[in-house]
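Construct all of the structure, not just a fragment, from the sequences and the given hints.
Line by line, the protein sequences are chains A and B. Per my numbering, the first sequence starts with residue 1, numbered consecutively. Per my numbering, the second sequence starts with residue 117, numbered consecutively.
What the hints contain is simulated information worked out from the structure, not anything from laboratory work. Be aware that one or more of the hints could be misleading.
[Unchecked claim] Taking lysine-lysine and the DSS-like style, the derived pairs with C-alpha atoms no more than 25 Å apart in a straight line are:
{"#": "1", "chain 1": "A", "residue 1": "Lys66", "chain 2": "A", "residue 2": "Lys41"}
{"#": "2", "chain 1": "B", "residue 1": "Lys224", "chain 2": "A", "residue 2": "Lys41"}
{"#": "3", "chain 1": "A", "residue 1": "Lys14", "chain 2": "A", "residue 2": "Lys66"}
{"#": "4", "chain 1": "B", "residue 1": "Lys171", "chain 2": "B", "residue 2": "Lys194"}
{"#": "5", "chain 1": "A", "residue 1": "Lys14", "chain 2": "A", "residue 2": "Lys64"}
{"#": "6", "chain 1": "B", "residue 1": "Lys194", "chain 2": "A", "residue 2": "Lys41"}
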Amino acid sequence: GAVVSQHPSRVICKSGTSVKIECRSLDFQATTMFWYRQFPKQSLMLMATSNEGSKATYEQGVEKDKFLINHASLTLSTLTVTSAHPEDSSFYICSALGLAGGREQFFGPGTRLTVL
Amino acid sequence: AQTVTQSQPEMSVQEAETVTLSCTYDTSESDYYLFWYKQPPSRQMILVIRQEAYKQQNATENRFSVNFQKAAKSFSLKISDSQLGDAAMYFCAYRSPYVGADGLTFGKGTHLIIQP
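Structure below.
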């Protein structure tokens, strides 16, 4: 149980285009999901907290107009990178918060974004 | 804001030996959660072990155990009988207990190499 999927697993796009990444909890409901970014050989950095039915909460320094987050259902959150530029190239990982005691986060497999 | 520090960018250990990865953190909160995650080359984040700050007893999961020193704000991971499959990046992470502020703060990671 507690499986989280991401789609696509990797995407290559041209500079200036927008890219949508989906994060799904497959066998549980998640009122809260998180989006992290991981640059090569670096750690994961929390970008935003996505709450079902409400606006996302962004970490300091993360542009909310550039990284649009929508959490329209209890099993799906989407991250849209708008007007992507090469510096947005990174590995994007989502996690979903379980409702069981301890509120453990379950991670998706990640999406590698390359902006040309 | 909380910070997590992993001072060992890379560690190497002989197969079947024991290795300890260090982690320190800084927080003003009295209750919180600490985690060790493993990230193999596949980039999938795998939970290794977790510790609730209010529990004095150190967590143990098979070959993995922690040395949690709350006063010193130290949370080291000991891997016994190291196996080739343990080779990966290991991240220490902190989580606040408060709903809405429970995204993870990660350390920079330790690359663990297992020598056959």
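Hint by hint, here is what the structure shows:
1. Restraint check for Lys66(A) and Lys41(A): the C-alpha separation of about 24 Å stays at or below 25 Å, so the hint holds.
2. With a C-alpha separation of about 9 Å, the suggested pairing of Lys224(B) with Lys41(A) holds against the 25 Å cut-off.
3. For the hint linking Lys14(A) to Lys66(A), the alpha-carbon distance of about 16 Å falls within 25 Å, and the restraint holds.
4. Restraint check for Lys171(B) and Lys194(B): the C-alpha separation of about 18 Å stays at or below 25 Å, so the hint holds.
5. Annotation: proposed proximity of Lys14(A) to Lys64(A) holds, straight-line Cα distance about 21 Å (limit 25 Å).
6. For the given pair, Lys194(B) sits about 23 Å from Lys41(A) by alpha-carbon distance, which is consistent with the 25 Å threshold.
Violated hints are absent here; each numbered hint is respected by the structure.
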